[in-house]
Structure formats: structure tokens, C-alpha cells
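J.: One letter stands for each residue in the lines below.
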Amino acid sequence: MRYLPLTQSDRQAMLGVIGAKSIDDLFVDVPAEARLDGPIQGLPNHASEMAVERHFSDLARKNMAASHHPFFLGCGAYKHHVPASVDHLIQRGEFLTAYTPYQPEIAQGTLQMLFEFQTQVARLLGCDVANASMYDGSTACWEAISMAGRITKRKKAVLSSGLHPHYVSVCETMAKFTGDTLDTVQPELSANTDRTRLLAAIDDETSCVVVQYPDILGRIEDLTAIAAKAHEHGALLVAVVTEPVALGAIKAPGEMGADIVVGEGQSIGVGLQFGGPYVGLFACKEKFVRQMPGRLCGETVDAEGKRGFVLTLSTREQHIRREKATSNICTNSGLCALAFSIHMTLLGEKGLRDLAVLNHGLAVQAAERLAQIPGVELVNDSFFNEFTLKLPKEARPVVRALADRKVLGGVSLGRLYPGVSALENGLVVAVTEVVTAEDVETLATALEETLSEGVGA
Amino acid sequence: MTRYYTEDHEWIEVDGNIATVGITDYAQGQLGDIVFAEVPAVGSTLKKGGDAAVVESVKAASDVYAPVSGVVTEGNDALGDDPALVNSDPEGEGWFFKLTLSEASELDSLMDEAAYKAFVDGL
Amino acid sequence: MSTINQSGWKPEMGDVTDTKPATFTGNRALMLEEALIFEIGTAGTTGVDLAEPPKVASRLGGLERNRAIGLPGLSEPETVRHYTRLSRQNYAIDLGFFPLGSCTMKHNPRLNEKVARMAGFADVHPLQPVETVQGALAAINQLAVWLIELTGMYGVAMTPKAGAHGELCGILCIKAALAARGDPRGFILVPESAHGTNPATAAFAGFSVENIPATPEGRVDLAALKARLGPDVAGVMITNPNTCGLFEKDMKAISDAVHAAGGYVYCDGANFNAIVGRVRPGDLGIDAMHINLHKTFSTPHGGGGPGSGPVVLSEALAPFGPLPFTERHADGRYTLVEEETVGERHPHSFGRMTAFQGQMGMFTRALSYIMSHGADGLRQVAEDAVLNANYILRSLEDVLDAPFAHSGPCMHEALFSDDGMAEGFSTLDIAKGLIDEGYHPMTVYFPLVVHGAMLVEPTETESKAALDQFIGALRSVAERAKAGDPSLKSAPHHAPRRRLDETLAARKPRLVWTEPEQAEAAE
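One line per chain: the protein sequences are U, E and W, in this order. Here the first sequence is numbered in my numbering, starting from 14 and rising by one per residue. Here the second sequence is numbered in my numbering, starting from 17 and rising by one per residue. Here the third sequence is numbered in my numbering, starting from 5 and rising by one per residue.
Okay, chain U solo, but in the shape it has when bound (with noise of 0.2 Å):
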């Protein structure tokens, strides 16, 4: 048991020093029929470091990595490349080992890096402020549209059809208890997002329009047009952001007058992981800040004057306000935001811009290729690092198929809305700087073949 400090002698020693005569009698409050005799049946009794390692490795050895293989997967997930530096600062136990900074004098480190965090994030996002991150973009687009509730008292929200579709399930999840009305739509495989529908649905019962930009096609578009519609009306304009590199080469959502913007971070810092833990970004207007959930770090002074930094307008939080509180969120994703904002401070400005300028280079480069393959057409016009290809037969087998020519060539639209046959030919494909020219080569040739042998037929 080599996590346990404690010897047979010590135990003796504290039993004694306690009154007890056995470990058991310390149990004496559970009812004699809850209690167990011995181990748990149903699992092994201890291993080794090395027996636990050596199944790891078994079962990881089960799974294609994306960095072993050509891949072009995204929707809401993308791979870039981590920089070696940020795993290792943040297995320094310091941060690693730390909790929620309840204790500000002993936690400044935390504290510090988090007040960077709210300051990267709100700059990127093109908002006033940020808070210290929440569990994914997706509970993060379901808070966002309640918190525009708490601020228009409406509860009618207008989604685009550009949503991910598993945020809009989470918000469905959420407004069927709430009471809340989501009106949403599903994508058409074509250049034009649903704007037009957006804007006719804007009314004044409306609490917010919720756009992705870049959308899940991949599709981007000005989103000007749809907040001054919005708040003519009264309502909010939340953005969702699901690639932030992106924003390092188009406008912030801030800057078209997103009220509330917000984003998974997954992409800057943190690692894919199968889906989580991810990071969730959440920005807004400075004059909405006590209707915004999750934890706030901000600046002040200590007894001797020298700056520092404390958790602050808590009364929002549950711990504090309980029913009443702006979220039931406690945790949030510490470790991922320091993740995100060590990768943002080595990429600097010029480090994202560059990144971006890149992706998208790649991505075009790509898009032409695969665009010139028989049958294959390009949906969007515009786009950053992701695109969308119609094929000329159901994308979900050619997936597969691709997977077998260990390729993982993109995510197939059958997979994000099973069953609608509008949709069954689109592969939506991500191209980061990960990716090579061989890469792109070595897809276009698998897909060319796939094609041409009647998988999925």
C-alpha cells in the first residue's frame, strides 16, 4: 500500500490514544447491516506500479492517436500542437497539487495566473471581462443563454443552425426543466448560414440569439447585422467560439457587439483527451458582470499595500447566495485555464497570429486538393481551419473506411446528426499546422480510392 504512511504500530498507537479498541468502533455509527465484512467483491485487491502501467499501456495501445496518423478531425475538438513547456509547468505540484484559492496569501500563484487568464480571454474574445473558466463550451453556451434570462427576465432564445449540435443538445437537456424555449433549426449543407431566419425570429420575447462563429460547417460570417437586430429588440447576442486560434486571424465576436461571448479553450494549451477535461471561456460586457457564473479573481492590495489578487464578488456564487445564486458551479478548470494561458503567453500576439495565418493557409491549400477529387465539392466560401466537403455518397462508411487506411480523415455530419438524410454526404475536415503536405496527400488518395469502391453504397 505504498500511499499509506501509516504503520500497524501507529494505528495501534492513535486507537489507543482515542479510546478505541478497534478500527471498528469507529464505525459504530453505521448501521451493523451497511456495514461489509471484508474487501469489496467484484475488484482485485491491490497492484503494483508496474502491473497498473503495464494495462495502461495495453489498453492505449487499443486506440489510434491522433498524432500517429494523418488527422483531420474537429468540431468542437482540434488538434494543435502543445508546446513542451506548458505540460511541464503545469505538473509543478505547486499548481497541480493546489485547491480553489480560499486562502489568498498562500495562493497568489494561482491567483495571479488567473487574473492573466480573465485578461488573455476577455482580450481575445473581444469582451470587458472573463472569469476564471468553466467546466467546457458546451455547460458554458447553456449558461450563457441563462444568465441572458436573468438579464432580460425573457425566456425564449433563438439558436443558429451553425450551433454545435451537441451544444444545442446540452441546451435543450437544460431548457426542458427550466421552462426555457430554444428555437433552433438544423443546418443546410450550403454556403449560407440561417441569418435571414435569425433575423425574422428576433421579436421581443427574445432573450438572445446564440451564434457559433466559425460555425459547425465551419462557415463565417459578420455578425453585426445580427446584434444591432437583437438589441433593438432588447435581446443579447451570444457568440460561441469553439476554435479559439481562430480569432487570432477574424474579428472578435466583442467587436461586432457580442454581449456575451463565449468558448471552448481546448484548442490553445489543453490536449484532446477523448473529450474532457476541456476548458470553457465566458466573457461578456462589463456592465453584466454580477449576472455572469463561475469564479472571479481581482485585483486588490494587502495590509502592507503591495498588490494582490483575491476572489471576489462571490455573493453570485452558490457557496454564498445558495438557491439564489447566479450557477450551482464550484469547480471550474483550473488546471486546463493555466494550461490555455501559458500556451497563450509563449504564442504572444504575434505567435497566434502567425498560428493562424498558417492554419488557414494549410486549410485552403487542402480544401483545393480534396475539391479536386471526382464527385467532391467544397460547401463553404468562407472558412478558417475547418471546411466542409459534400461527397457523393454518405460520409459515416467513408470515415470508417478511411479509418482502416489509418487515416482519420475528418468528422462525417451522419455522426453529429444521425439520421438526416439531408446531411449524410458532408465530412466536415480540420486542417491545423499539424498537419503536412503529405498528410493532405495521403487523405486525398485513401478518399479518391474510398470513393471509387462503393464503401457505403
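Treat the hints with caution; some may be incorrect.
What the hints assert, rightly or not - Pairs of lysine-lysine residues, derived as DSSO-like cross-links and limited to a Cα-Cα distance of at most 27 Å, are as follows:
| no. | chain 1 | residue 1 | chain 2 | residue 2 |
| --- | --- | --- | --- | --- |
| 1 | E | Lys-133 | E | Lys-63 |
| 2 | U | Lys-337 | E | Lys-114 |
| 3 | U | Lys-168 | E | Lys-63 |
Hint data in this document are derived by calculation from the structure and do not stem from the laboratory.
Starting from the structure of chain U, add chains E and W where the hints point.
T.: Coordinates of chains E and W only, in the frame set by chain U:
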């Protein structure tokens, strides 16, 4: 002008049909440093005993209840910039809102200054 | 004559009271001040080298970002130094004893970090075809099966992202189950001693919340609870062991009463670490319980997350659990049940709570921890955690008021109050005094049912020597508070910062950095 008090530590001063409401010196002392106060919007209708305003210290948030029913005619905007007024002058500059009384008889159930002092001494 | 100083340099003591002469830098030897990245970095500096971008015609839809963003960069050496310096201003379980009650700060094995970083888990995309992620699905499934075994429950929802998200999952299951039987109920009952997340969660899901009182011995008042039950009560949220560190002896009776009244029992599993391997919540009639993997199964707290909050469910609630989840087939293959197959496989699911499969990186760590301990080791974990807490309770009850010490043994944490301190001295002063002694303070002012609460949770990963040293330190600080030692009022004296002005922070919130000239213009 007459001043009344509630068991929830609000004071209300009545001048004709208009009353001014705030929290007592005892209440601000219990809350500690006030960092935020939210006053009701002009024109909102308050019901006796219902939520009217919010007052927050660093680690606590409290609702301020309407001592009587009425319609809000003015909120103390100065509290937005300087919530510390509630600490420094709770029963003067640190007032929360004014309202027109809709049911003057509701005042009868409130305490006068002496009764409130006895009430606080008993806490 | 013995020579301690063999280097030949003779130390001069000087005035020992003057231990902190000002320095030019503001640094104090190893205690290093660190500026913000916005003060030391520039927009033109970068710590990464990138390939030249290909020359292409832009397809950004005319939305190029033209204005400066305001993101400073640092070179790699400067970055490493910045964050290393910041890290040294943090207390952490790696540095010392961290008795934060209810938060369970136990040793985080590095093996868990190693396995979580294997490419087959860390570098896998959530939307890869399931054929390419069989090992990852197997790991999730194995953890799910073991959580069910350890709790004696029927099913488990793996996707919740943290404890509070797990609470939401359980409460949504209750709401869905009631809706399914056409019996909407509006109220959730919560004890006064509950974590704030309990009432917040119930309200977030659209319930009204009512408090249940506690008995003088610190447990749920069963009679009062029974009196309140009725056709409008959807369920109760009970923390067991509770936040006073006591086992709810009447848990089975509570469950039976709630079930008889048509409600469901949610158990806040934050303190499962006290009973893991010795008690199965399923034997106590519980319908749903979240497990904070970072508490019971030692995934690192990371300065405030990420957490992970799987929820074990009874047979009555399991059909309503969220999407997606893993399914093992007879041939050994794993699949994910998502929207596509939900109608056929899991028709009553309340839906999706998060975009993907949950906190994979936390699952691998927790699974590694459970495997390392095994069934025998986990039982020992609970026993040592409870033994350590009782040792602290009995070693300090002569100097600190322990309001529930008469209620019998505590579980994994010992609760004290600030009764008996000198006039003007309170729990906060004791906490800050402990900082100077090199400890992270215990949880303070929680639970709310005890005046000036101090909740001490040692966990099982502390040695007797570490406990004895802490007991000595807390005894010393408590005695100073009883004697009214004024130096305690201004503690901490030796931390990177003195007491911080939280009032200023809240009155004039500065939540992001602004360039000095802008800040001046704004004032």
C-alpha cells in the same frame, strides 16, 4: 415625519404619502463592509414583506424587504458608486429607496424607535 | 568546543527582531516577486517557432482581425521562469499538510499523471469512429463497472464534469422520473449543513428548496423530515457522511420514509472517501449519488479543477441517465450510446449534459488509483482516513471546542468551533496563524450550523508524525487566540502576502488588467 422599524432591520421614514427606506445601523454593523447595493427600479410595485433591494458584504448577501406596500418613486443612485454610504450613514445618506404608500395602515404593525431599540437589545 | 560553522564564516546575529530589511527588488531571497505578463511581455515576442505559412488567397469572408488584440508574449525561458515563480507563491499538498475539510486534499500519485498522458488516451479525439477508440471506451467502462461495485448501485452516469454537475445530473434524473410518472413535484429538501451547491443545483433545475433542521447531535432531524414529506416533495439531498463529519445513522430510515412518500433520495457523495470499501450507499436506499473523483479517487485538484463527478444511480433512476454512455457487447466490442441509438437502447434518457464523453483524463487517473489500491487497499483508505480524523479530534478537544464530540466518533473530518477564544479573536485569526506555521488552514466558517466552524480533514495519506506536528501547531495557535495574542490578529506575517483587502476588491472590481495610462484616464 415619523420613523418606524421592522424586525428585519429596515427603517422607514414617512413624510406625508412618501416614505424613505433603508437598513438600520445595527444591520450594517452585522453585515460588515458593504460592497454592493442594488435598489429597486422606479415605478416597481412592492408588497409589504417582499424583496425590495439587495445589500452585499464580501461574504454575505441579504435581501432588503419592503416594510410596507407601495410604488417606488426613487432609488438612491449614490449607492451604486459608493456603497460604503450604507456603513458610514445608514440612516441618512445611505438610504435605499423612496416609495408612495399604498396602504398607510400597514405602518401600524411596525415598531417605533424605542421598541426597536428594545428589540435589538434583546438579540 | 564544537564548531557548527566549519566554513570559517562567523555569523553575526545583529538585531534579531529586524529580520526583514527592505531589498532593492522587493524579493526576499527565495520569495520572489513576479510582475504580470502584461508588464513584462510584448505583442511582438513569441516563444514558439512556426513554419512559414503558404501563400494563399484569404477565404476569411472579409472578417480579418485588424485591431491589436493586446496579448503579450514571452520567450520560452521567460515563460518557464514566470510560471515557476508564480507556482512558488502557492501552497500545495506536495508541499505540506492540507487539512481542508470536505475538500479531501490527499496525495496525488504521479503514476496517475503518467498513464493519463499516454497517447492512446490523451491524444484521442472524442468524435473518432468507435472502432478506433476501443481501449479508451474499455477504460471508461471498467471505471463505470468498478464504481457500481464500490457503491452497490444499479447504474452510473459518467459524463458529469464535476461534483456540482453530478448533482445536477442526479436531480435531473429525479425530475425526469417524476415527469415520466406524471407526478410533477416542486420541492427538494436540503439540510442546513449542506454544501451550497445542493440548494443551488436544485434551484438551477427549477425546484424550490426548503431546509431540514439538524438535531443537537449534528444529524438530520428525522422527525422533522418525515413531517415535511408529502406529495409536493420530489426528494431530499443528504450528504453522508455529513459536513459535520458524522455518519447519518438514520440514512436507511430517511430513504424508506422518502420512498414511502413517493420521493427520491439524492446523496451528496463528497465524503464517500470516509466509507469507501466499508459501506455501499446502495445498501442505504440511495437513488443517486455523485462521486468527486478528485476527492475519493485522488485526481489532482489543480488549483480549482478540472473535477469529474460520475453519478451512480438506483434501478429506479438509471433509465433516465444522460447520454452518451459506453456499452459492452457480448463479443467484447464497445460502443457509445448516443442520440442515434438512444431510442432503441435508452429511450427515457433526459439527454446530453456536456458535448462529449466526460472527463476522460480524470477517468484514467481515478482508474489507476483504484487499481493501485484494489479492494483491500480502498478499505484501508477509509479506515486510515477515519482513524486520522479521530486522532486529531481527540488530541485537540481539550483546547478547541468540539461541538459534536459527544455524538461519538467522527468519520473522515473533525469539526471545531471558535467558542472560548479571547474577545475579538475568531476562526479567521487561527486560520491565518496556521499559515505562518507552514500549514494550509482547515475549512473555515463551514458548515454554517456551527459558529466559527473549523473543519479539519487529514485524509489517509498523512503519517502519524505529520499529524503530531500539526496538532502541536494548531494547539499553539489556539492557545494564542485564547490568550488574545495581538500578533495573531495581523497574521500571516511570513506568507508572500499579508491579509488582502477583499472589500476593496469587491467595491471596485478590477477583473482584467488595463494599461496604466488607460487606468488613469478611467479614474
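J.: If a hint holds in the structure, say so; if it does not, say that too.
T.: Each hint, compared with the structure:
1. E:Lys-133 to E:Lys-63: Holds, at about 25 Å.
2. U:Lys-337 to E:Lys-114: 25 Å, holds
3. U:Lys-168 to E:Lys-63: 25 Å, holds
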